[in-house]
Every structure is written in structure tokens, then in C-alpha cells.
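Position 255 (the sequence shown) corresponds to 254 in numbering that gives the first Met the number 0; numbering is contiguous.
Quick caveat, the hints were computed from the structure, so don't treat them as lab data. It cannot be assumed that every hint is accurate.
Claimed, not checked - Below 20 Å or equal to it, Euclidean Cα-Cα: the simulated DMTMM-like pairs (lysine to aspartate or glutamate) are: (1) Lys322 / Glu349; (2) Lys236 / Glu311; (3) Lys303 / Glu194; (4) Lys303 / Glu147; (5) Lys358 / Asp148; (6) Lys231 / Asp148; (7) Lys99 / Glu85; (8) Lys322 / Glu336; (9) Lys322 / Glu194; (10) Lys88 / Glu279; (11) Lys99 / Asp148; (12) Lys200 / Glu85; (13) Lys236 / Glu164; (14) Lys236 / Asp342; (15) Lys358 / Glu124; (16) Lys88 / Asp103; (17) Lys303 / Glu226; (18) Lys118 / Asp360; (19) Lys337 / Glu311; (20) Lys193 / Asp360; (21) Lys263 / Glu226; (22) Lys263 / Glu194; (23) Lys236 / Glu349; (24) Lys99 / Glu279; (25) Lys303 / Glu164.
To be verified - FRET-style restraints, in silico, Cβ to Cβ: (26) Ser245 / Trp404: 45 to 53 Å; (27) Ser245 / Asp103: 24 to 32 Å; (28) Lys231 / Asn351: 33 to 41 Å; (29) Glu164 / Pro343: 21 to 29 Å; (30) Leu202 / Gln76: 40 to 48 Å; (31) Val198 / Gln76: 25 to 33 Å; (32) Asn248 / Trp404: 45 to 53 Å.
Every residue, glycine too, gets a C-beta built ideally from N, C-alpha and C.
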Amino acid sequence: MAIEYLDSPISVLSLVTEGLYSPYETSLFTPFTSPNDSPKSEPSTPVSEGLFFYPFLPASLDVPTRNGPRLPKALPQLPDNATPVEVAKADRETPDNWVKRNPDLIRLTGKHPFNCEAKLSSLFEAGFLTPAHLHYVRNHGAVPHVNEDIAREWTMRIHGLVQREVTLTVQQLSQLFPIVTLPVTFVCAGNRRKEQNVVRKTLGFSWGAAGVSTALWTGVYLADVLEYVRPKRGQAKHVIFEGADSLPNGPYGTSQRLSWAANKERGMLIAWAMNGLPLEPDHGFPVRLVVPGQIGGRSVKWLKRIEISDRESQHHLHFWDNKLLPTQVMPDQARSEKHWWYDPRYIITELNVNSAIAKPDHRETLIISKRSESDGFYTIRGYAYGGGGRRVTRVEVSLDEGVTWNLATIEYPEDRFREICHMDPVYGISRLDAKRHFILLVLLEL
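Could you build all of it, start to finish, from the sequences and the hints given here?
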């Protein structure tokens, strides 16, 4: 078997530390002002007024058309949102009987709560930006029922070890701080867990390889907000985030180290728009936290409260979810011995390196012909990502179950958003024989 050429469009985006400063960041509204009226950095230079279109403004939580307006031609196009207009049959007898969802999504935990992923082939074919109706969803309970009237009056309390406690609406956030839009990839900590559960059963339910999605998120930098409230030096160490969902053991909440949250280069956002449209209910409407480079469980939805504290979050699911316990700890032992869950060494924050092959699809039949020089080629396609701002720098593919490895070409679609280019991936081809198993080897830039 000869490998003539391998060009696999493995896309990666875990953390865009540089952001989209030129095309998307704005200071059209009231410039950011620190308490002493001397901001540490100047607001970004306003760009063409044509960029400030309807759904990117928090005052407009309802939109005139389903798919919304388009980006200027110089910028990459936003994906269409094809969320159904009716409630799915599976949701009609649940507390989410008002939420409209794509019936083709794969439900992983029954009808309720709603935890789902798209078919990997559909997700991959959608391109770098994932439409809201294909974006994976992880819910722990019922979606807070927030209509447009409630959303306009939605407030978020910021308090604790700060010199200025405030309660802000989404509109006030947009007036106090520069608005920014970043492409960020969300990944559930359980992405591809189904394969892991086959080898050894875990406590988590089985995700396929589509528990990953990328979108353009619009909001303000969390670091700007923290600078505004001025955490107390020497006391404040953690930033706690709490949602508005009603769960048996209290609302969902988690926390970040203050040193991380206050670092603008980590790109954490308080966001109100996704792909140019207001957030959908499953994705945190009207406002949520967005944490690039970390598992999705750190990006709290329906954000209601931010507390600056001297200790980490004490929320139930901060301790009892998203942990990676030692391999010696068996599931029954983990259930009975609670101390494992309270050990901070086992918390999952940054994403681990991961990858998956999307093309060929599972059980896809490949027709391989060698009748001419141009026959016998197939493009292997997939994705890879890494956490904490570390870009994937090498991907290798094996066509003989790991005996030999072949270097793949990597596409970085996120760069097109910083460079204001159209996203038009160019795929190569690879010669292969039938009845082979493909394996990916992924290395990170350190």
C-alpha cells in the first residue's frame, strides 16, 4: 500500500488568546472606565459601523428574522440557524415543553434532562462554525424559562471580596465595557466517553465523538468586569459563577482561579450572543460564561451571580462532576468514598488533546478502484483539539492499525477569522487500500 499524499483537514481551536481584535472588537458604546478613571489599556479602535448589526447588540434580545442578518462580505459567513419552530414530541411531557430543539440530535440520557450531540457526519459537514441546532447540549435539569421580557430585566450580581459590588443588566455590560466576538470551541469533558466505557465502565454516560462544537461568542471580557469591581488584594483568590437553573442540590456553579479569570489573554467572556444571534435556551439565554480552552462544564449557563472569594466554589456539582479520579478508584468505590471528589488535584479544567476521524464515517463502504492513475484516492478527514491555548502541531494517521504512521496536513480555520478571510478549506487526497483501520496520533505544541 502506497501513500502518495495525505491532506486531512484536521481543525483545532481550544483557545484564541489573541482574539479578534481588528474585525470584531468594538468600543462603539461608553468606553470602559476603571474606578479611578484611568484604565490600564486604551479601548480598541472602533471599526466600520457596518459591523454593528442587530443581533450583536444586547438591547436586541429578539431578532426580526430566524437566521438573522449577514456579516459584511469581508468577514467569514455565519452559519444558518435551523432550529425547529415546534417543540419536539420527546419534550412535550417534560419541564422543557417550551424549548424548541432539533429532533435529529442524539439524546444520550433519555428524554430529560436534555443531553445530546449531533451525528458526527452532520457536525463535520457543517464546517468550522457549528449552527446552534447542531451544537451539543449538556443540561443537568430543566432549562430556566426565560422569555424576552425577563431577559431585558435580567441582572447579574457581582459581589464578595471586591471594592465595588454591582448588579448589572446585559445592556449595562455592553455600555461599560468593549464588546468582543471570539471563536471558541466547547467540548464536553465526556467527549468520546462511549469508547472509554467499552474498555472500562465509568460513572459518566456515553458520549460519541460529537460532544464538541465551535461558535462565535459575543460579549465582554470577564477580565474587564473584574478590573471594574476591583478584587481585594491579598484576600481574593477565586471567582465563583452560579447559574439560574433549579437543581436538587442547588443551582449549577463552579469557579476559576482569580489569576486565570483576570487574565484577558485567557479569553473568558460574559456572552449574550452565539453566531450573531441571541443565545438559545439550551445554550444559556440570556447570558452565560464562556471559558476557552477548558471543558464545557466551566462555562456556566444562565449566569446570575459572580462571587469573588478566598476559596473555590462550594456548589454540589463543582465537586461531584467533571473529576478524573485515579485509575485505582473503581466506580463503586467512588460512590462510597466521598473524599475523592473533594480533592482539588482531580478536577478537570483544561482540555486534554483529543481527535477523531469523521470521514470515512462509521460503517461507510469505500469503493476503491485502480483502473486509472486518478482512482484509488480517498480524503481522510477529522478534527483535533488541545486545551489551554496549546495548538495541535502534528497529526499522524495509521492505515495499518498502528504499524506505520503518515503525517497529515492540518487546517487552522480559526486563523481565517483573525485574518478576515473566507473559510474555504482545501482538501487533499490519500491513496489507500480497502478494509483498513485508521488511527490518529496527535501531538501538541508545548
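Going down the list of hints, with the structure as the test:
1. Lys322 / Glu349: Holds: Lys322 and Glu349 sit about 12 Å apart, inside 20 Å.
2. Lys236 / Glu311: holds, 8 Å
3. Lys303 / Glu194: violated, 36 Å
4. Lys303 / Glu147: holds, 16 Å
5. Lys358 / Asp148: Distance of about 44 Å is beyond 20 Å: violated.
6. Lys231 / Asp148: Outside the cut-off at roughly 35 Å; violated.
7. Lys99 / Glu85: holds, 6 Å
8. Lys322 / Glu336: The given pair, whose Cα atoms are some 14 Å apart, holds under the 20 Å limit.
9. Lys322 / Glu194: With a Cα-Cα distance of about 18 Å, the restraint between Lys322 and Glu194 holds, given a limit of 20 Å.
10. Lys88 / Glu279: holds, 19 Å
11. Lys99 / Asp148: holds, 18 Å
12. Lys200 / Glu85: Distance of about 37 Å is beyond 20 Å: violated.
13. Lys236 / Glu164: holds, 17 Å
14. Lys236 / Asp342: Holds: Lys236 and Asp342 sit about 18 Å apart, inside 20 Å.
15. Lys358 / Glu124: holds, 10 Å
16. Lys88 / Asp103: holds, 12 Å
17. Lys303 / Glu226: At roughly 19 Å apart (the allowed maximum being 20 Å), Glu226 and Lys303 satisfy the hint.
18. Lys118 / Asp360: Status holds; Cα separation ~10 Å.
19. Lys337 / Glu311: holds, 18 Å
20. Lys193 / Asp360: holds, 16 Å
21. Lys263 / Glu226: holds, 10 Å
22. Lys263 / Glu194: Judged against 20 Å, a Cα distance of about 36 Å means the pair is violated.
23. Lys236 / Glu349: Holds: Lys236 and Glu349 sit about 19 Å apart, inside 20 Å.
24. Lys99 / Glu279: Status holds; Cα separation ~9 Å.
25. Lys303 / Glu164: holds, 14 Å
26. Ser245 / Trp404: 45 to 53 Å: 50 Å Cβ-Cβ, so the 45 to 53 Å window holds.
27. Ser245 / Asp103: 24 to 32 Å: This hint holds: roughly 28 Å between Cβ atoms.
28. Lys231 / Asn351: 33 to 41 Å: Given range 33 to 41 Å: holds, Cβ gap about 34 Å.
29. Glu164 / Pro343: 21 to 29 Å: At roughly 27 Å between Cβ atoms, Pro343 and Glu164 fall inside 21 to 29 Å, so the hint holds.
30. Leu202 / Gln76: 40 to 48 Å: holds, 41 Å
31. Val198 / Gln76: 25 to 33 Å: violated, 41 Å
32. Asn248 / Trp404: 45 to 53 Å: holds, 46 Å
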